[in-house]
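> Take these sequences, add in the hints, and give me the full structure.
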Amino acid sequence: MKKTLLRQTKIGEFLTIGLEVEKDEVGLYIASADVSASCAFKFDEWENFVEGINKANAKFKKESR
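Quick note on my numbering: the sequence shown kicks off at 1136 and runs consecutively.
Since the hints were made in silico from the structure, they are not lab data. You may find that some hints are simply not true.
Below, a list of computed lysine to any residue pairs in the SDA-like style, where the Cα atoms sit at most 25 angstroms apart [to be verified]:
(1) Lys1158 with Glu1148
(2) Lys1177 with Ile1165
(3) Lys1137 with Asn1192
(4) Lys1138 with Trp1181
(5) Lys1196 with Thr1139
(6) Lys1196 with Glu1186
(7) Lys1137 with Gly1162
(8) Lys1138 with Phe1184
(9) Lys1190 with Asp1179
(10) Lys1194 with Glu1182
(11) Lys1197 with Ile1146
(12) Lys1177 with Gly1187
(13) Lys1145 with Ser1199
(14) Lys1177 with Glu1148
(15) Lys1138 with Ala1172
(16) Lys1158 with Gln1143
(17) Lys1145 with Trp1181
(18) Lys1158 with Gly1187
(19) Lys1158 with Thr1144
(20) Lys1145 with Phe1195
(21) Lys1138 with Glu1160
(22) Lys1138 with Asn1183
(23) Lys1145 with Glu1160
(24) Lys1194 with Leu1150
(25) Lys1177 with Leu1154
(26) Lys1145 with Ser1171
(27) Lys1194 with Phe1184
(28) Lys1137 with Ser1167
(29) Lys1138 with Thr1151
(30) Lys1145 with Asn1192
(31) Lys1196 with Lys1177
(32) Lys1145 with Ser1167
(33) Lys1190 with Ala1166
(34) Lys1190 with Leu1140
Right, here's the structure in full:
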C-alpha cells in the first residue's frame, strides 16, 4: 500500500515535489513547467541520497555567506 510522505507541494513558481513510500521503496517526484521526473530509492539508497543533499546544502550555505 502506498503512503504519501509529502503531497505534491509547490516549492517554486514552476517547481513541485512529492514523496511516497511503498513496500521497501521511497518514490520521489519532481516536476517543473518543462519536465518531470521520478525516482525510486531502496531505503538505504534514500538514506544516502538525503545525506548527500544535506552535505551539499551545508556547503551551499557556508559558501553563500
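> All hints, please: hold or fail.
Now the hints, each set against the structure:
1. Lys1158 with Glu1148: violated (32 angstroms)
2. Lys1177 with Ile1165: holds (18 angstroms)
3. Lys1137 with Asn1192: violated (29 angstroms)
4. Lys1138 with Trp1181: Cα-Cα ~16 angstroms, so holds.
5. Lys1196 with Thr1139: violated (29 angstroms)
6. Lys1196 with Glu1186: holds (15 angstroms)
7. Lys1137 with Gly1162: holds (10 angstroms)
8. Lys1138 with Phe1184: holds (20 angstroms)
9. Lys1190 with Asp1179: This hinted pair holds, its Cα atoms lying about 17 angstroms apart.
10. Lys1194 with Glu1182: Satisfied, since the Cα-Cα distance of roughly 18 angstroms is no more than 25 angstroms.
11. Lys1197 with Ile1146: Roughly 22 angstroms between the alpha carbons, so the hint for Lys1197 and Ile1146 holds.
12. Lys1177 with Gly1187: holds (15 angstroms)
13. Lys1145 with Ser1199: It holds: about 24 angstroms lies between the C-alpha atoms, which stays within 25 angstroms.
14. Lys1177 with Glu1148: This hinted pair is violated, its Cα atoms lying about 30 angstroms apart.
15. Lys1138 with Ala1172: holds (19 angstroms)
16. Lys1158 with Gln1143: Holds - the C-alpha atoms of Gln1143 and Lys1158 are around 20 angstroms apart, at most 25 angstroms.
17. Lys1145 with Trp1181: Between Lys1145 and Trp1181 the Cα gap is close to 21 angstroms, so the pair holds against 25 angstroms.
18. Lys1158 with Gly1187: Distance of about 23 angstroms is within 25 angstroms: holds.
19. Lys1158 with Thr1144: Holds, at roughly 23 angstroms.
20. Lys1145 with Phe1195: Judged against 25 angstroms, a Cα distance of about 22 angstroms means the pair holds.
21. Lys1138 with Glu1160: Answer holds: Lys1138 to Glu1160 is near 11 angstroms, not above 25 angstroms.
22. Lys1138 with Asn1183: At roughly 21 angstroms apart (the allowed maximum being 25 angstroms), Asn1183 and Lys1138 satisfy the hint.
23. Lys1145 with Glu1160: Holds, at about 23 angstroms.
24. Lys1194 with Leu1150: Holds. Lys1194 to Leu1150 sits at ~23 angstroms (cutoff 25 angstroms).
25. Lys1177 with Leu1154: OK: Lys1177 and Leu1154 at ~13 angstroms, within 25 angstroms.
26. Lys1145 with Ser1171: holds (13 angstroms)
27. Lys1194 with Phe1184: holds (15 angstroms)
28. Lys1137 with Ser1167: holds (23 angstroms)
29. Lys1138 with Thr1151: holds (18 angstroms)
30. Lys1145 with Asn1192: holds (19 angstroms)
31. Lys1196 with Lys1177: violated (28 angstroms)
32. Lys1145 with Ser1167: holds (10 angstroms)
33. Lys1190 with Ala1166: Holds, at roughly 23 angstroms.
34. Lys1190 with Leu1140: With a Cα-Cα distance of about 22 angstroms, the restraint between Lys1190 and Leu1140 holds, given a limit of 25 angstroms.
Going through the hint list in order, the structure does not satisfy hints 1, 3, 5, 14 and 31.
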